[in-house]
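Enquirer: Below, each chain spelled out in residue letters.
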Amino acid sequence: MICPHCAYDNLPGSEHCENCLADLTQLDQPVAQDRVERSLMEDTVSQLQPRQAITLRPTATVKQAIEVMLRQDIGAVLIVDDAGKLLGIFSERDLLTKVADPVVDHTTRPVSEFMTPHPTTVRPGDTLAFVLHQMDVGGYRHLPVLKDGLPLGMISVRDMLRHITRLCKTCGK
Amino acid sequence: MAWEGTAVEAILSMAELARNLKTESVSRLQPTPPWRIAPEQSVAEAVALMRQQRVGCVLVGRADEELIGLFTERDLLRRVLAAGLPLSVPVALCMSRDPVVVHPKDPIGFAVRLMEEGGYRHLPVVDAAGRPLGVLSVKRIVHYLAEHFPSTIYNQPPDPNVVPRQPEGA
Numbered sequence: 018m019i020c021p022h023c024a025y026d027n028l029p030g031s032e033h034c035e036n037c038l039a040d041l042t043q044l045d046q047p048v049a050q051d052r053v054e055r056s057l058m059e060d061t062v063s064q065l066q067p068r069q070a071i072t073l074r075p076t077a078t079v080k081q082a083i084e085v086m087l088r089q090d091i092g093a094v095l096i097v098d099d100a101g102k103l104l105g106i107f108s109e110r111d112l113l114t115k116v117a118d119p120v121v122d123h124t125t126r127p128v129s130e131f132m133t134p135h136p137t138t139v140r141p142g143d144t145l146a147f148v149l150h151q152m153d154v155g156g157y158r159h160l161p162v163l164k165d166g167l168p169l170g171m172i173s174v175r176d177m178l179r180h181i182t183r184l185c186k187t188c189g190k
Numbered sequence: 006m007a008w009e010g011t012a013v014e015a016i017l018s019m020a021e022l023a024r025n026l027k028t029e030s031v032s033r034l035q036p037t038p039p040w041r042i043a044p045e046q047s048v049a050e051a052v053a054l055m056r057q058q059r060v061g062c063v064l065v066g067r068a069d070e071e072l073i074g075l076f077t078e079r080d081l082l083r084r085v086l087a088a089g090l091p092l093s094v095p096v097a098l099c100m101s102r103d104p105v106v107v108h109p110k111d112p113i114g115f116a117v118r119l120m121e122e123g124g125y126r127h128l129p130v131v132d133a134a135g136r137p138l139g140v141l142s143v144k145r146i147v148h149y150l151a152e153h154f155p156s157t158i159y160n161q162p163p164d165p166n167v168v169p170r171q172p173e174g175a
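Chain order of the listed sequences is A and B.
First residue of the first sequence? That's 18 in our numbering, and the numbers climb one at a time after it.
First residue of the second sequence? That's 6 in our numbering, and the numbers climb one at a time after it.
None of these hints come from the bench; they were simulated from the model.
Do not take every clue at face value.
[Claimed, not checked] Have a look at the derived ranges for each label pair, beta carbon to beta carbon:
| # | chain 1 | residue 1 | chain 2 | residue 2 | range |
| --- | --- | --- | --- | --- | --- |
| 1 | B | A68 | A | D26 | 53 to 61 angstroms |
| 2 | A | T42 | B | R56 | 44 to 52 angstroms |
| 3 | A | V121 | B | A43 | 22 to 30 angstroms |
Each residue gets a CB set at the ideal place from its N, CA and C atoms; glycine is no exception.
Just chain A, same shape as in the assembly (with noise of 0.2 angstroms):
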């Protein structure tokens, strides 16, 4: 790490120039290099618009999930109590990896049961680059948006490729 006053050469991460005590701290600031990179470090969950988060109470059967999430056509919905607070999210994935049996049919259980409770949410102030991070690091494809405990909205793995391609629209064949 070069100090930019006095050109001395610091260790990687250092806070001072050990030589002249200049302020290092804005070197490690990430700067944005291009249009995409400036968006997803700037632009929040806000401006992507995230669809309406469809909430169901933690009673509500399994099979009444499937129908919800067939309805909207959505892959994922939010299990809220009663003053709207989240309990967790049921996805297909939930649906593949607790719902379906061979010798059981869970289908009439309530669906708290198969939920997956406190799920990583998202709120709508934090950036695009924070919720790909996110999606990357858990495998997730939606996050709920929440803002004070409450469900606001969900943001989709497919809300974020278009907005990758709106912005550089030129890619494709």
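Place chain B on chain A using the hints.
Expert: Chain B in isolation, oriented as in the chain A frame:
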């Protein structure tokens, strides 16, 4: 001059992502192996394979033959559970026929556009004869995009409003 410094850089790197999406091919993303089951096998067997391999879809077809269909989580939801079918039905009755496919030489941008427009989360990668070579998942695309902007994704600017709930070291 307006064309100096950052403006020029921005145009060059913008062109870089657009160019990468156009020139880098699907094979660069190392699609996952094509987990395959025969059309007469049951949905329960497909589900077991998907759970075991932790994947969201399996290909339907016979070894070294053309791809017949695709069985995905969505098919499980739509054509099996919502329809009230038992898991013992053959997968051929509940699969998606003639899925949209990509070839290893297709540009990544083309695959991204197919996924975004069609809402597909998996694209089978097939050779010229239509034999499956692998599956490209949207998860892999997200990772590719995240890799593309490492400094943006992995160095989040600090939030001055965030304070630790407990004193550090407590």
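Enquirer: Compare the structure with each hint and give your call.
Expert: Results for each hint:
1. Between A68 (chain B) and D26 (chain A) the C-beta distance comes to about 58 angstroms, which sits within the given range of 53 to 61 angstroms.
2. The beta-carbon spacing between T42 (chain A) and R56 (chain B), approximately 47 angstroms, falls within the hinted interval of 44 to 52 angstroms.
3. Separated by about 26 angstroms at the C-beta atoms, V121 (chain A) and A43 (chain B) satisfy the suggested range of 22 to 30 angstroms.
Figure legend: structure checked against the earlier numbered hints; every hint is met.
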